[in-house]
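S.K.: Sequence:
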Amino acid sequence: MSGYLKNYGVKKLARRYASNIANARWLWRNRMGAEEISVTVAKGNESITFSQAEKISLNDFSYTSPELDTLTEWIAAGLSGQAYTILYIEGQARVGYGQEVYPSQELILDTGNRKSKVLYQVNNKAGVHSQKIGNAIRTIDTWYEEDAPFPIAVEPYGSVTTLGTAFRQPKEKKDFYSIFDAWIKDDKSPTEEQQHYAMAILIRGGVFGESGKE
Numbered sequence: 012m013s014g015y016l017k018n019y020g021v022k023k024l025a026r027r028y029a030s031n032i033a034n035a036r037w038l039w040r041n042r043m044g045a046e047e048i049s050v051t052v053a054k055g056n057e058s059i060t061f062s063q064a065e066k067i068s069l070n071d072f073s074y075t076s077p078e079l080d081t082l083t084e085w086i087a088a089g090l091s092g093q094a095y096t097i098l099y100i101e102g103q104a105r106v107g108y109g110q111e112v113y114p115s116q117e118l119i120l121d122t123g124n125r126k127s128k129v130l131y132q133v134n135n136k137a138g139v140h141s142q143k144i145g146n147a148i149r150t151i152d153t154w155y156e157e158d159a160p161f162p163i164a165v166e167p168y169g170s171v172t173t174l175g176t177a178f179r180q181p182k183e184k185k186d187f188y189s190i191f192d193a194w195i196k197d198d199k200s201p202t203e204e205q206q207h208y209a210m211a212i213l214i215r216g217g218v219f220g221e222s223g224k225e
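Convert by adding 11 to the 1-based position in the sequence shown; the result is the number in my numbering.
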């Protein structure tokens, strides 16, 4: 991992995370129905605002601005351990009166006689689970195939449940475990793109223990 940090640093990953904060991807379906969206990010006494977040593309990371550069620097400093970084993010969206909003849905395994659909709320206001927000921010994987048409969330097998597809199949050696084992155990460095992917998985976190079975 030290070799990756020496060769590439964390700026590329940080910029993609920053883009997904700036474009308000984390609003999910609520983003689609909004007329205007602004995103404000604060760090200590500093703050930056993306006033037309709805115009920032969800399908690529070509957007540039001084504000995005600043946010990238903040995130990179936290990822590299140069600074203890806490960001406060606020989104504002202009929607119509009575327009439907889309909160997260609670997972209830045993409904019994209760209703099966329960929407997530915080202080009696519609909310979105932190896991769903995290999924949006880590939707940066365009390395799962050449000329990928859209980014997917960083997952060990490139799973996208809404599409019922795993884009990183083990038989093609494109999944995290195949890439990481070859890199760490066999000292076979993957391509630059797959190194970015593997590092993003480690940032995401997870249980990566090795089985005792052969």
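Hints were generated in silico from the structure; no laboratory data involved. Heads up, the beta-carbon is just placed ideally off N, CA and C, and yes, glycines get one too. Hints are not guaranteed to be accurate.
To be verified - Okay, the calculated beta carbon distance ranges per label pair:
#1 E204 x T75: 19 to 27 Å
#2 Y74 x G44: 35 to 43 Å
#3 Q132 x K17: 45 to 53 Å
#4 G107 x T75: 41 to 49 Å
#5 P77 x I119: 39 to 47 Å
#6 E203 x N134: 20 to 28 Å
#7 T75 x Q180: 27 to 35 Å
#8 K182 x Y99: 39 to 47 Å
#9 E203 x G138: 35 to 43 Å
#10 S49 x D198: 42 to 50 Å
S.K.: For the range 20 to 28 Å, tell me whether the beta carbons of E203 and N134 fit it or not.
M.R.: violated (45 Å)
S.K.: Within 45 to 53 Å or not, the Cβ separation of Q132 and K17?
M.R.: holds (46 Å)
S.K.: Between G107 and T75, does the beta-carbon spacing fit 41 to 49 Å?
M.R.: Cβ of G107 to Cβ of T75: about 32 Å, so the range 41 to 49 Å is violated.
S.K.: Is it true that S49 and D198 lie within 42 to 50 Å of each other by Cβ?
M.R.: Distance hint for S49, D198 holds at roughly 48 Å.
S.K.: Taking the CB of P77 and the CB of I119, does the distance hold inside 39 to 47 Å?
M.R.: Given range 39 to 47 Å: holds, Cβ gap about 46 Å.
S.K.: Could you see if the CB distance from E204 to T75 stays within 19 to 27 Å?
M.R.: Given a distance of about 20 Å, which is inside 19 to 27 Å, the answer is holds.
S.K.: Go ahead and decide if the range 39 to 47 Å is satisfied by the Cβ distance of K182 to Y99.
M.R.: holds (44 Å)
S.K.: That 27 to 35 Å hint for T75 and Q180 (C-beta), does it hold up?
M.R.: Given a distance of about 34 Å, which is inside 27 to 35 Å, the answer is holds.
S.K.: With 35 to 43 Å as the target window, see if E203 and G138 comply at their CB atoms.
M.R.: holds (38 Å)
S.K.: Has the hinted range 35 to 43 Å been met by the Cβ atoms of Y74 and G44?
M.R.: Check failed, 21 Å falls outside 35 to 43 Å.
When each numbered hint is compared with the structure, violations occur for hints 2, 4, 6.
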